[in-house]
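Q: Below, each chain spelled out in residue letters.
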Amino acid sequence: MTDRAFAVVRAGALTTVQDQGRPGHAHLGVPRSGALDPAAARLANRLVGNPPDAAVLETTLNGCSVRPRCAVTVAVVGAPCAVTVDGRPVAWGAPVRVPAGALLDIGAAVSGVRCYVAFGGGVTVEPVLASRSTDLLSGLGPPPLADGTVLPLGGVVAPHARVDTVPHPAPPHELILRVTPGPRADWFTSGALRTLTTRAYRVSSASNRIGLRTEGPSLERAFTGELPSEGMVLGAVQVPPDGRPVVFLADHPTTGGYPVIAVVREGDLGAAAQAVPGTPLRFVTAAPRT
Amino acid sequence: MRVLPVGGRALLVELADGDEAQALHAELLRRRAAGLIRVRELVPAARTVLLDGLDDPGRVGAELAGLEIPPLSARDEDVLEIPVRYDGPDLAEVAAHWGVPPQEVAQIHSAAEFRVAFCGFAPGFGYLTGLPGRYEVPRRATPRTTVPAGGVALAGPYTGVYPRPSPGGWQLIGSTNAVLWDHARVPAALLAPGVRVRFVPEAR
Numbered sequence: 001m002t003d004r005a006f007a008v009v010r011a012g013a014l015t016t017v018q019d020q021g022r023p024g025h026a027h028l029g030v031p032r033s034g035a036l037d038p039a040a041a042r043l044a045n046r047l048v049g050n051p052p053d054a055a056v057l058e059t060t061l062n063g064c065s066v067r068p069r070c071a072v073t074v075a076v077v078g079a080p081c082a083v084t085v086d087g088r089p090v091a092w093g094a095p096v097r098v099p100a101g102a103l104l105d106i107g108a109a110v111s112g113v114r115c116y117v118a119f120g121g122g123v124t125v126e127p128v129l130a131s132r133s134t135d136l137l138s139g140l141g142p143p144p145l146a147d148g149t150v151l152p153l154g155g156v157v158a159p160h161a162r163v164d165t166v167p168h169p170a171p172p173h174e175l176i177l178r179v180t181p182g183p184r185a186d187w188f189t190s191g192a193l194r195t196l197t198t199r200a201y202r203v204s205s206a207s208n209r210i211g212l213r214t215e216g217p218s219l220e221r222a223f224t225g226e227l228p229s230e231g232m233v234l235g236a237v238q239v240p241p242d243g244r245p246v247v248f249l250a251d252h253p254t255t256g257g258y259p260v261i262a263v264v265r266e267g268d269l270g271a272a273a274q275a276v277p278g279t280p281l282r283f284v285t286a287a288p289r290t
Numbered sequence: 291m292r293v294l295p296v297g298g299r300a301l302l303v304e305l306a307d308g309d310e311a312q313a314l315h316a317e318l319l320r321r322r323a324a325g326l327i328r329v330r331e332l333v334p335a336a337r338t339v340l341l342d343g344l345d346d347p348g349r350v351g352a353e354l355a356g357l358e359i360p361p362l363s364a365r366d367e368d369v370l371e372i373p374v375r376y377d378g379p380d381l382a383e384v385a386a387h388w389g390v391p392p393q394e395v396a397q398i399h400s401a402a403e404f405r406v407a408f409c410g411f412a413p414g415f416g417y418l419t420g421l422p423g424r425y426e427v428p429r430r431a432t433p434r435t436t437v438p439a440g441g442v443a444l445a446g447p448y449t450g451v452y453p454r455p456s457p458g459g460w461q462l463i464g465s466t467n468a469v470l471w472d473h474a475r476v477p478a479a480l481l482a483p484g485v486r487v488r489f490v491p492e493a494r
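One line per chain: the protein sequences are A and B, in this order.
When we follow our numbering, the leftmost residue of the first sequence carries the number 1, and every step to the right adds one.
When we follow our numbering, the leftmost residue of the second sequence carries the number 291, and every step to the right adds one.
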């Protein structure tokens, strides 16, 4: 029981391994992937003394349970939730020492969607193109966690951070996404951009790591016709034929054929990752800067 | 050439056609290798090139407007040969579209020289151009739920090879044992943008 690894006891709805992703390979059709709320993943790593790009677990809505085979320092940030070790409550948002063989449970998110669980030494599954991230669009990286899976942990390189509290944004009650119009705003009627940036939307339950789907007024195209495939960026607001905007998140396809009416500032996408289905959503126009 | 801002860190450059897009992509790769431009992603597509991860898109956009783009030259590049068994289930349908007997499909397809225009759909899936325009074919009306890895297929002006089993709506004309994608290999993708390709018929 001393090897550096942990066993998955309860995988949860969708728990994946994530680091800062694999940018730089979009021209080969490889999505960037990586933590949907990268600031939370970096903070979790900092709390346990890891470099910011160490691999962590990203849970979805109902957490997960794991049993480390070695004593390890962990930290849970992102969506607020109950954290227990062998049934005893421990701190959320702070380093916690988990003894070898104890059961670490990350409970259901009280608000928000995704918790980030960092382990001292990081989750050291085999990297693919220099990243350990699970990519749900193209299947690169480790598969989502399953009950009984054993995942390796790296050696500890630095002591954990000595902190009492950490500043962290609460999951949004209303999601505000700042957008820059273009590159294909001219494919829509003049009223469509105004509709996008003035009307109320909601976060759809069909959202996932590929895209934040929306419910609300549909955006009308100025003309029909097919746009030849073109490169897509993180935060692109793509409009499929049903007219409901989709905001591209980390596992988005690298090329696409639906026109992009606007692009969300990258800094706003962490909040998008934490917005539960039904959250009121507004797109507001902003100057082109990230 | 039209340069469209994409958010605050990217530019989408729209060209007149696919050949111009490939030529610009090749020139941008040369400029990046020479340290003349800093950009994280250079993503060519049907008639655009996306530059993502720019520090100063405004300045780069202005530079692009005055850029001389040399036409694609084929002189110094090797041609990758991919062995194909021309035995795909859509061979007869493709032959009917082309107005030739089925056995001539292999001859026509293997006579062309292809170039990977861009990638997408899946890691290592290349969109290859090179067939004369009269050989364009539509996608299948009903996509297949599974196409085996190595399936060689046509859609529109493109030839593609499926890197792994996946759903697919392209017309299957053959198959290859070539490994299109292996993330443990360097390079992982056999068919990266710009690679020149010839398909070589294998005995059945």
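Keep in mind that the hints were calculated from the coordinates and are not lab data.
Ideal placement from N, C-alpha and C gives every residue a C-beta, glycine not left out.
Where hints are given, some of them may not hold.
Some, not all, of what chain A presents toward chain B, calculated at C-beta under 7 Å [stated by the list, open to error]:
1. P23
2. L28
3. S138
4. A158
5. A161
6. S229
7. E230
8. G231
Q: So, for every hint listed, does it hold in this structure?
A: Okay, the hints, checked on the actual structure:
Against a cut-off of 7 Å between C-beta atoms, the interface hint on A:P23 holds, since the closest Cβ of chain B lies about 6 Å away. At its closest, the beta carbon of A:L28 sits 5 Å from a beta carbon of chain B; the interface hint therefore holds under the 7 Å criterion. Here the hint on A:S138 is kept, as its CB sits about 5 Å from the closest CB of chain B, short of 7 Å. Contact between A:A158 and chain B, as hinted, is not supported at the beta carbon level, the nearest pair being about 28 Å apart and thus beyond 7 Å.
The beta carbon of A:A161 is not positioned within 7 Å of any beta carbon in chain B (closest approach about 29 Å), and the interface hint is therefore violated. Checking A:S229 against chain B by beta carbon gives a least distance of about 5 Å; that is within 7 Å, so the hint holds. The restraint placing A:E230 at the interface with chain B holds, with a minimum CB-CB distance near 4 Å, inside the 7 Å limit. Interface hint at A:G231: satisfied, since its Cβ lies 3 Å from the closest Cβ of chain B, which is below the 7 Å cut-off.
The earlier numbered hints that this structure contradicts are 4, 5.
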